[in-house]
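Undergrad: For reference, the chains in residue letters:
2 protein chains.
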Amino acid sequence: MPYFVAVYDVNQKRVGKMLKLFRRYLTWIQNSVFEGELTPAQFKSLQTEADQLMQEGDGVVFYQLRDERYMDRIALGKEKAEKSRFL
Amino acid sequence: MPYFVAVYDVNQKRVGKMLKLFRRYLTWIQNSVFEGELTPAQFKSLQTEADQLMQEGDGVVFYQLRDERYMDRIALGKEKAEKSRFL
Chain A
1 MPYFVAVYDV NQKRVGKMLK LFRRYLTWIQ NSVFEGELTP AQFKSLQTEA
51 DQLMQEGDGV VFYQLRDERY MDRIALGKEK AEKSRFL
Chain B
1 MPYFVAVYDV NQKRVGKMLK LFRRYLTWIQ NSVFEGELTP AQFKSLQTEA
51 DQLMQEGDGV VFYQLRDERY MDRIALGKEK AEKSRFL
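Each protein sequence line maps, in turn, to chains A and B.
With UniProt numbering as the guide, the letters of the first sequence map in order to residues 1 to 87.
With UniProt numbering as the guide, the letters of the second sequence map in order to residues 1 to 87.
Pulled out of the complex, with its shape left as it was, chain A reads as follows (with noise of 0.2 Å):
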């Protein structure tokens, strides 16, 4: 199944918004960095959202891999996630 990491830059007011959604579809490892795996109808599903609590200014970047396999993360400082794999 095709593995995301998401990150969302948005205003403070809709911070709240944004991770209780990307909460919902994604598993949270830094502030505005989630990661999982989504079937193409739940990440359809998940932009829709996303498209309509952003406003001007906002912004979203998703990477999409084919497989976990192809990247590893490396994380400096707090780690707040649940799940964490260093090199």
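Worth flagging that the hints you see were computed from the coordinates, not collected in a lab.
Predicted model, so just to flag it, every value in this text is computed and none were measured.
Think of the CB as a built atom: it goes at the ideal place given N, C-alpha and C, for glycine as much as any other residue.
Honestly, I wouldn't trust all of these hints.
[Said to hold, decoys possible] Output of the computed footprint for chain B on chain A, the stretches with three or more beta carbons under 8 Å from beta carbons of chain B:
| # | segment |
| --- | --- |
| 1 | 15 to 27 |
| 2 | 30 to 36 |
| 3 | 40 to 53 |
| 4 | 56 to 67 |
[Unchecked claim] DEER-style ranges, computed between Cβ atoms:
| # | chain 1 | residue 1 | chain 2 | residue 2 | range |
| --- | --- | --- | --- | --- | --- |
| 5 | B | TYR70 | A | THR27 | 14 to 24 Å |
| 6 | A | ASP72 | B | GLU49 | 13 to 23 Å |
| 7 | A | ILE74 | B | GLY57 | 28 to 38 Å |
| 8 | A | PRO40 | B | GLY57 | 14 to 24 Å |
| 9 | B | ILE74 | A | ARG14 | 11 to 21 Å |
| 10 | A | ASP72 | B | THR48 | 10 to 20 Å |
| 11 | A | SER45 | B | ASP51 | 37 to 47 Å |
| 12 | B | TYR70 | A | GLN47 | 17 to 27 Å |
| 13 | A | THR39 | B | LYS20 | 32 to 42 Å |
| 14 | A | LYS44 | B | GLN52 | 35 to 45 Å |
| 15 | B | PRO40 | A | LYS17 | 33 to 43 Å |
| 16 | A | GLU37 | B | LYS20 | 27 to 37 Å |
Add chain B to chain A, keeping to what the hints say.
TA: This is chain B only, laid out in the frame that chain A set:
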């Protein structure tokens, strides 16, 4: 050459310094998101410099990919960077 996606999440006071540091190594994508190729030596050097700037509560996440071809970037909203690639 390994391809990196980097996201930092630091106190507002250090955002300017982090931005300046990351721009020396990578391409700016959106607010705190950067991308680019790094040799192992460059990556080590960026990690060391970031570590020196970071303080309590700050965090940086790097995603290392074997090759840029293994991922696709999908951006919603503003796309500030000069490079852009949509699905």
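Undergrad: Are the hints correct? Go through all of them and say.
TA: Against the structure, the hints:
{"no.": "1", "hint": "15 to 27", "in the structure": "violated (count 0)"}
{"no.": "2", "hint": "30 to 36", "in the structure": "holds (count 4)"}
{"no.": "3", "hint": "40 to 53", "in the structure": "holds (count 3)"}
{"no.": "4", "hint": "56 to 67", "in the structure": "holds (count 10)"}
{"no.": "5", "hint": "TYR70/B with THR27/A: 14 to 24 Å", "in the structure": "holds (20 Å)"}
{"no.": "6", "hint": "ASP72/A with GLU49/B: 13 to 23 Å", "in the structure": "holds (20 Å)"}
{"no.": "7", "hint": "ILE74/A with GLY57/B: 28 to 38 Å", "in the structure": "violated (19 Å)"}
{"no.": "8", "hint": "PRO40/A with GLY57/B: 14 to 24 Å", "in the structure": "violated (37 Å)"}
{"no.": "9", "hint": "ILE74/B with ARG14/A: 11 to 21 Å", "in the structure": "holds (19 Å)"}
{"no.": "10", "hint": "ASP72/A with THR48/B: 10 to 20 Å", "in the structure": "holds (18 Å)"}
{"no.": "11", "hint": "SER45/A with ASP51/B: 37 to 47 Å", "in the structure": "holds (38 Å)"}
{"no.": "12", "hint": "TYR70/B with GLN47/A: 17 to 27 Å", "in the structure": "holds (21 Å)"}
{"no.": "13", "hint": "THR39/A with LYS20/B: 32 to 42 Å", "in the structure": "holds (40 Å)"}
{"no.": "14", "hint": "LYS44/A with GLN52/B: 35 to 45 Å", "in the structure": "holds (42 Å)"}
{"no.": "15", "hint": "PRO40/B with LYS17/A: 33 to 43 Å", "in the structure": "holds (40 Å)"}
{"no.": "16", "hint": "GLU37/A with LYS20/B: 27 to 37 Å", "in the structure": "holds (35 Å)"}
Violated hints, in rising order: 1, 7 and 8; the structure is consistent with all others.
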